[in-house]
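Student: Spelled out, the chains give:
Number of protein chains: 2
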Amino acid sequence: MTVTIIGLGLIGGSLALSLRQHGLAQHLIGVESSAAHARRALELGLVDEIEPDLAAAVRRADLVVVAVPVDAMVAVLPPVLDLIGPRQVVIDVGSTKQALLAAVAGHSRRGRFVAVHPMAGTEHSGPEAAVSGLFEGKTVVLCDAEHSDADAVLTVERLFQALPMRLLYLNGADHDVHTAYVSHISHITSFALALTVLEKEKEEQRIFDLASGGFESTVRLAKSAPATWVPIFRQNRLNVLDVLDEHLHQLQHLRELLASEDYDGLAEQIRQANHIRKILP
Amino acid sequence: MTVTIIGLGLIGGSLALSLRQHGLAQHLIGVESSAAHARRALELGLVDEIEPDLAAAVRRADLVVVAVPVDAMVAVLPPVLDLIGPRQVVIDVGSTKQALLAAVAGHSRRGRFVAVHPMAGTEHSGPEAAVSGLFEGKTVVLCDAEHSDADAVLTVERLFQALPMRLLYLNGADHDVHTAYVSHISHITSFALALTVLEKEKEEQRIFDLASGGFESTVRLAKSAPATWVPIFRQNRLNVLDVLDEHLHQLQHLRELLASEDYDGLAEQIRQANHIRKILP
Numbered sequence: 106m107t108v109t110i111i112g113l114g115l116i117g118g119s120l121a122l123s124l125r126q127h128g129l130a131q132h133l134i135g136v137e138s139s140a141a142h143a144r145r146a147l148e149l150g151l152v153d154e155i156e157p158d159l160a161a162a163v164r165r166a167d168l169v170v171v172a173v174p175v176d177a178m179v180a181v182l183p184p185v186l187d188l189i190g191p192r193q194v195v196i197d198v199g200s201t202k203q204a205l206l207a208a209v210a211g212h213s214r215r216g217r218f219v220a221v222h223p224m225a226g227t228e229h230s231g232p233e234a235a236v237s238g239l240f241e242g243k244t245v246v247l248c249d250a251e252h253s254d255a256d257a258v259l260t261v262e263r264l265f266q267a268l269p270m271r272l273l274y275l276n277g278a279d280h281d282v283h284t285a286y287v288s289h290i291s292h293i294t295s296f297a298l299a300l301t302v303l304e305k306e307k308e309e310q311r312i313f314d315l316a317s318g319g320f321e322s323t324v325r326l327a328k329s330a331p332a333t334w335v336p337i338f339r340q341n342r343l344n345v346l347d348v349l350d351e352h353l354h355q356l357q358h359l360r361e362l363l364a365s366e367d368y369d370g371l372a373e374q375i376r377q378a379n380h381i382r383k384i385l386p
Numbered sequence: 106m107t108v109t110i111i112g113l114g115l116i117g118g119s120l121a122l123s124l125r126q127h128g129l130a131q132h133l134i135g136v137e138s139s140a141a142h143a144r145r146a147l148e149l150g151l152v153d154e155i156e157p158d159l160a161a162a163v164r165r166a167d168l169v170v171v172a173v174p175v176d177a178m179v180a181v182l183p184p185v186l187d188l189i190g191p192r193q194v195v196i197d198v199g200s201t202k203q204a205l206l207a208a209v210a211g212h213s214r215r216g217r218f219v220a221v222h223p224m225a226g227t228e229h230s231g232p233e234a235a236v237s238g239l240f241e242g243k244t245v246v247l248c249d250a251e252h253s254d255a256d257a258v259l260t261v262e263r264l265f266q267a268l269p270m271r272l273l274y275l276n277g278a279d280h281d282v283h284t285a286y287v288s289h290i291s292h293i294t295s296f297a298l299a300l301t302v303l304e305k306e307k308e309e310q311r312i313f314d315l316a317s318g319g320f321e322s323t324v325r326l327a328k329s330a331p332a333t334w335v336p337i338f339r340q341n342r343l344n345v346l347d348v349l350d351e352h353l354h355q356l357q358h359l360r361e362l363l364a365s366e367d368y369d370g371l372a373e374q375i376r377q378a379n380h381i382r383k384i385l386p
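Taken in order, these protein sequences are the chains called D and F. For the first sequence, my numbering begins at 106 and goes up steadily by one. For the second sequence, my numbering begins at 106 and goes up steadily by one.
By construction, these hints were calculated from the structure, which means they are not laboratory data. Bear in mind that the values here come from a model prediction, so they are computed numbers and not experimental data. Please note that a few of the clues may not be correct.
It does not matter which identical chain is used: a pair holds within one copy or between any two.
What the hints assert, rightly or not - Below, simulated EDC-like cross-link-like pairs (lysine to aspartate or glutamate); rule was C-alpha separation at most 20 angstroms, straight line:
#, residue 1, residue 2
1, Lys-307, Glu-351
2, Lys-383, Glu-148
3, Lys-383, Glu-373
4, Lys-307, Glu-148
5, Lys-307, Asp-347
6, Lys-307, Glu-321
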């Protein structure tokens, strides 16, 4: 089939590579607002062509993937749906869902849209960040699938199962709560950790010299782009604040145990934290 | 040469593998207080023999590596130094240095001891956690090297350069400050993040289903053992509290920006955090 991908960054570009690699897309059309990114995406072979006219790009596609930051998504998806015929399918790949689902609720073509969140990514962005195999073995969440036409859901299920990905079904509200826990808060802590070390450690060479794998692992997400993450935090603000408050509470508890030299209490908290090993072996 | 390694866990075991692999140790003697760990270390071929008598194990070695948790280190190193002859060399591999250096200051064999911290590790522990190549390309810190005999320092330098590792020289106080920034705080935030998610996300299956690489990366260190980390936090308490207070401040600042919907301010903080990319590309 012909797939149009709007937004050729990390996720859109990686999905292009995966669809091609698995023979799921015979022709790939890219729509990209940055001329530099559009040129680079062509050079990298992410898409076969760049179509400057959004309407033409949508009209020619069997499947349209909207892969722009979540603030742009809310603006782009309704006019894309306006252009969609009764046999075409549109998906998003955004990290937040409630605002987007609200933006298309009641749209006459709502049934042709399937809200999708592939749980995969890296700290990099732009077409250069596209990597094949990014989605392999990961989970893809379908949100409020009962509001999409059955044939559209089936098309999307088959596509992502072929990558292969595990399918998970959540409503939009639950999706945004859970992703605050297992994705968004990690980015907040990583940004704060980078700011902490950059503030305290004025000798940058020392950071480079001493940074071990553990530090790099916890600070890696701090390289993520504000253009991607500020809109996510904005759309999921209440959930992120809720989890962030719990995280501050846990950090303050660890701080009190250390300040008061309650080492048995500290060991007990670490043993509790170790339970994550049972869930993520 | 013959190397005696006291403590056959992640670091002691991995060092045994590296020394053997690079032909730096012809015979490896292990001393291990856990009978199960001793047996497993032999099965895994980490050492050639287990010597139950510490004095005999020390006497037979050209180099003695003390690789026990840092609380045990302070207790074990002075009696080991008591046994050391004028041509033998002793190193530790601990994550904190000031308490240890204080414990051996003024010891008649102080010159035979070189304080060493290879900046490498994983979240796993015990002999099973030993991996070859753990130290390759990483930094090793030599602390207060001017208090060690020149020939002992030279032996240690040649040994770690052969792995190969980059040598860095710090005094003990600076070492403990810098490692609080680039290693110890990462463990605190990771423990707190695991506690946060385990507290908020009661459906463990959801964590497993949704956890992406980013979450796993920030929470990985939360699998680390309390027996290793409580003594490190205890010995480096004031530095860790200092960095933790800065981290709490940064998190609270991000929280305030999000709560007050100051998205420009939030983007600016993320851009600042992105500077870590220049230091850790």
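Student: All the hints need checking, so say for each whether the structure fits it.
Tutor: Structure-based check of each hint:
1. With identical chains, the CA atoms of Lys-307 and Glu-351 are at most 20 angstroms apart between copies only, with a shortest distance of 14 angstroms across copies and 30 angstroms within one.
2. With identical chains, the CA atoms of Lys-383 and Glu-148 are never at most 20 angstroms apart, being 44 angstroms at best within one copy and 26 angstroms at best between copies.
3. Within a single copy, Lys-383 and Glu-373 get their C-alpha atoms as close as 17 angstroms, which meets the 20 angstroms cut-off; across copies the closest is 37 angstroms, which misses it.
4. Taking CA atoms no more than 20 angstroms apart as the test, Lys-307 paired with Glu-148 passes in neither setting, with 40 angstroms inside one copy and 46 angstroms between copies.
5. Taking identical chains as interchangeable, the C-alpha atoms of Lys-307 and Asp-347 lie at most 20 angstroms apart only when they sit on different chains, with a minimum of 15 angstroms there against 32 angstroms within one chain.
6. Proximity of Lys-307 to Glu-321 under the C-alpha cut-off of 20 angstroms is restricted to the intra-copy arrangement: shortest distance 17 angstroms within a copy versus 29 angstroms between copies.
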